Amino acid sequence: MKLRLQILSAAFLLIPALLWAAGGSYQPAAVIPPPVAREFRGAWIATVANLDWPSKPGLPVAQQKTELIALLDRAAQLKLNAVIFQVRPMCDAMYASPLEPWSAYLTGVQGRAPQPFYDPLAFAIDEAHKRGLELHAWFNPFRVSSPQARLPLALDDIARTHPELVRHYGDLLWLDPGEPAARQHVLDVIMDVVKRYDVDGVQFDDYFYPYPQSDASGRELDFPDAASWRRFGAGRGLTRGDWRRQNINRFIQSVYQNIKAVKPWVKFGVSPFGIWRPGNPPQIKGFDAYAKLYA
Numbered sequence: 282m283k284l285r286l287q288i289l290s291a292a293f294l295l296i297p298a299l300l301w302a303a304g305g306s307y308q309p310a311a312v313i314p315p316p317v318a319r320e321f322r323g324a325w326i327a328t329v330a331n332l333d334w335p336s337k338p339g340l341p342v343a344q345q346k347t348e349l350i351a352l353l354d355r356a357a358q359l360k361l362n363a364v365i366f367q368v369r370p371m372c373d374a375m376y377a378s379p380l381e382p383w384s385a386y387l388t389g390v391q392g393r394a395p396q397p398f399y400d401p402l403a404f405a406i407d408e409a410h411k412r413g414l415e416l417h418a419w420f421n422p423f424r425v426s427s428p429q430a431r432l433p434l435a436l437d438d439i440a441r442t443h444p445e446l447v448r449h450y451g452d453l454l455w456l457d458p459g460e461p462a463a464r465q466h467v468l469d470v471i472m473d474v475v476k477r478y479d480v481d482g483v484q485f486d487d488y489f490y491p492y493p494q495s496d497a498s499g500r501e502l503d504f505p506d507a508a509s510w511r512r513f514g515a516g517r518g519l520t521r522g523d524w525r526r527q528n529i530n531r532f533i534q535s536v537y538q539n540i541k542a543v544k545p546w547v548k549f550g551v552s553p554f555g556i557w558r559p560g561n562p563p564q565i566k567g568f569d570a571y572a573k574l575y576a
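Just so you know, we're using the numbering used here here: the sequence shown kicks off at 282 and counts up by one.
If you're looking for bench data, these hints aren't it; they were derived computationally from the structure.
This one's a predicted model, so the numbers in the text were calculated from it and none came from an experiment.
Glycine residues also receive a C-beta, built at the ideal position from the N, C-alpha and C atoms.
Just so you know, nobody snuck in bad clues.
Once the Cα atoms are required to be at most 20 Å apart in a straight line, the calculated SDA-like pairs of lysine to any residue come out as: (1) Lys476 / Trp546; (2) Lys544 / Gln534; (3) Lys411 / Gln358; (4) Lys573 / Arg531; (5) Lys541 / Gly482.
Label-pair distances were calculated between CB atoms; the ranges are: (6) Ala497 / Ala542: 41 to 49 Å; (7) Glu348 / Ala542: 31 to 39 Å; (8) Asp452 / Arg319: 40 to 48 Å.
Can you make the complete structure from the sequences, with help from the hints?
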């Protein structure tokens, strides 16, 4: 009984000290919260398959501009502070590029410039900044062509100029991330934009290696990178899956380092698939991006 009273007395003596600590002004330096950074409130403007802009290929330039301004006005009305504008849906360009052809989603014909001429990316940057919006350039790094874009490829499309870097996968054409020259080409495209345009950021979404496709029997197809695996991966201590992930890791690292070397203030981000792997944590179910997209 005496021991119990001593414990209770000690507990009661601690209460005032705890109350003082809770209400006192002292706070250890290690737990002082950092200054609140500007909240990022952004919206994606997808150009692939004319999902968001322009509403269809080959619209008159005046209508393209009107539609884009309407999207930016809406972003400003919603108190957003950034838009993520898809400038390269598939090894093409929504801007005047010296490296890749004009997008067919813009003009209806890959390689055809808008008439009368204007540069949609430069226009979007100017109009976004007028509204207090950051503009982040969104690139799809490795997609060359898809079933939705069954249009003639321009003479300067990479599938024509460097077919050795492109793989046929199901009904897709895809740059092989295992080819160093393919990764370098994409890096060159991105850095051309970073150097020539006043973009506030560079963004990728979840597309790296392609989403799995199946043959007529329903069997999942493996990405056809046997040639690059033999030349750059086999015998170097990695499984083929780990080698593919290393290709993406190297690519991401090179993009980040090059952006920061030229314009340190330009942001860089990736918006990957919504979960890492099924079963992590145990209740999570869904697509395994780690094993399928190698990212």
